[in-house]
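Student: As they're listed, the protein sequences go chains A and B.
Under my numbering, the letters of the first sequence match residues 1 to 291, in that order.
Under my numbering, the letters of the second sequence match residues 292 to 582, in that order.
Be careful, since some hints might not be right.
Unchecked claim - Covered stretches of chain B, as calculated for chain A (at least 3 residues, CB under 8 Å): (1) 333-347; (2) 443-457; (3) 498-512.
Said to hold, decoys possible - Here are some chain B residues pointing at chain A (derived, C-beta under 10 Å): (4) A462; (5) P492; (6) D521; (7) F557.
What the hints contain is simulated information worked out from the structure, not anything from laboratory work.
For glycine and all other residues, C-beta sits at the position ideal for the given N, C-alpha and C.
2 protein chains.
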Amino acid sequence: MNAAANAAPRALRGRLDLCAINTATLGHRAPIATVIDQVARAGFGAIAPWRREIEGADVQAIARHIADAGLAVSGYCRSTYFPAATVEGARAAIEDNRRALRDAATLNAACFIMVVGSLPPGSRDLAGARAQVSDGIGALLEEARTLGVALALEPLHPMYAGDRSCLTTLAEALDICDALDPAGDGGIGVAVDCYHVWWDPALAASIARAGQGGRILAFHVCDWLVPTTDMLLDRGMMGDGVIDIAGMRAGVERAGFAGAVECEIFSAANWWRREAKDTLSVCAERFQSVC
Amino acid sequence: MNAAANAAPRALRGRLDLCAINTATLGHRAPIATVIDQVARAGFGAIAPWRREIEGADVQAIARHIADAGLAVSGYCRSTYFPAATVEGARAAIEDNRRALRDAATLNAACFIMVVGSLPPGSRDLAGARAQVSDGIGALLEEARTLGVALALEPLHPMYAGDRSCLTTLAEALDICDALDPAGDGGIGVAVDCYHVWWDPALAASIARAGQGGRILAFHVCDWLVPTTDMLLDRGMMGDGVIDIAGMRAGVERAGFAGAVECEIFSAANWWRREAKDTLSVCAERFQSVC
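Chain A with its partners taken away, still in its complex shape (with noise of 0.2 Å):
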């Protein structure tokens, strides 16, 4: 049990130092380099950016902007996919996702997002896909400990598991941490989304089982809305639909979490056409009033 665990859920007010930016809330629509000025610049601790922003550029340089800038890195966005339909192309995910994690390490990532993808086109083998991404997995777990960039398992929406994430919920990821890591050595655990996970029944146990392993290695926030109007981009601001975001806060740091609480937030229709700095005044103030 984490030295944190039973403790009171810590005060977020006048505290956006224990609260990240994952990139994706602006829509990717501005260079790194100027969004990392614009969350320094609002005020936050850390920041979580995706490979797109990262492969191809000066990983290097943008890790001193970023750690100039005053600000960790609460996660690397994200793991390939892991299930394919021929032996090489499970290979080439596992290849693509060592370099990611050496980029994570380079980023000074507390933890590189896994999201591990579903059934490759044609197949209707969910058992087989999870065994897949339960291999791949394996296969990276060592470089993760050597790189000391721990695998964060994400469970993603059940209304993914099609072709996103055929890990849907923490008690899975869990499974997949206990049978890699029986001893509990570590570099590996599980990302909290809110989103992803919050309709669970065995939210609270999941959440308790995670913290009793010191497995909670991200929480990410933001809101499910009613009526939800697509799939993947219609996420919702804290405070703006039906998750009890703040309850779920302080379950995972009676858990013993405490690390940067993330606001991750894909919406084509509402904040990505805002000014990046208005979408950040206003998770500012939800990361203080709602979560």
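Knowing the structure of chain A, use the given hints to seat chain B on it.
Tutor: For chain B alone, coordinates are given in the frame of chain A:
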């Protein structure tokens, strides 16, 4: 353990008498009398009507029409949502469901499908909604037994957890069954719908558990399309998506299910735009080739 357990799945080729059509599959465009005749003429063995087609009409006459057409009633859709913002609202929902249960008995339905609802407007209290659901179902159980119409708790896909169903997994539905019917006297069980539960990593275990308790009251089929373009009205015809329907049917039949296999497709942009007889013809073909 049911006597049918461990048997091979039934052959559906040439056995449309084992197959049912949920009237939603035809888009509720024609009067129920017309739909009954269409379904019977196409050779199916059962039908599952909706309350909108029944309430306010002569229920006994409809029941006679269905029986005279040689059709069984595989289920009656569906309950009024239980969670409400007020005590009066919750009570009214139960009374509404009580009336519907009586109609289900008149129709000689195999079960009354319980789609349970979720958060009342303005609420984020998912645990509270779940408690209201359990209480509401409990309030109906004795009458269900008296009438001889079992309550079939249908977990919906978690993408409906905000509004349509706080009941999202078979495990949770079975927990409610066990809590309300600890002695296994019956009158309560689950409806297993491919579309809602196919993604669940605990699916095989939950189906086996349901079978041991004799709790599988209904089995619904359709398919999950990739991509899915509408969260409510874009279900696919069996075979057009990624669900291993045959594998799931084998599972529920191994677990003892011996009722009609029911096709329920909400498809505003595709199947609801076709002639009913064409949709039924494709259903018949897919039941025999895919399911």
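Student: Of the hints stated earlier, which fail here?
Tutor: 1, 3, 7
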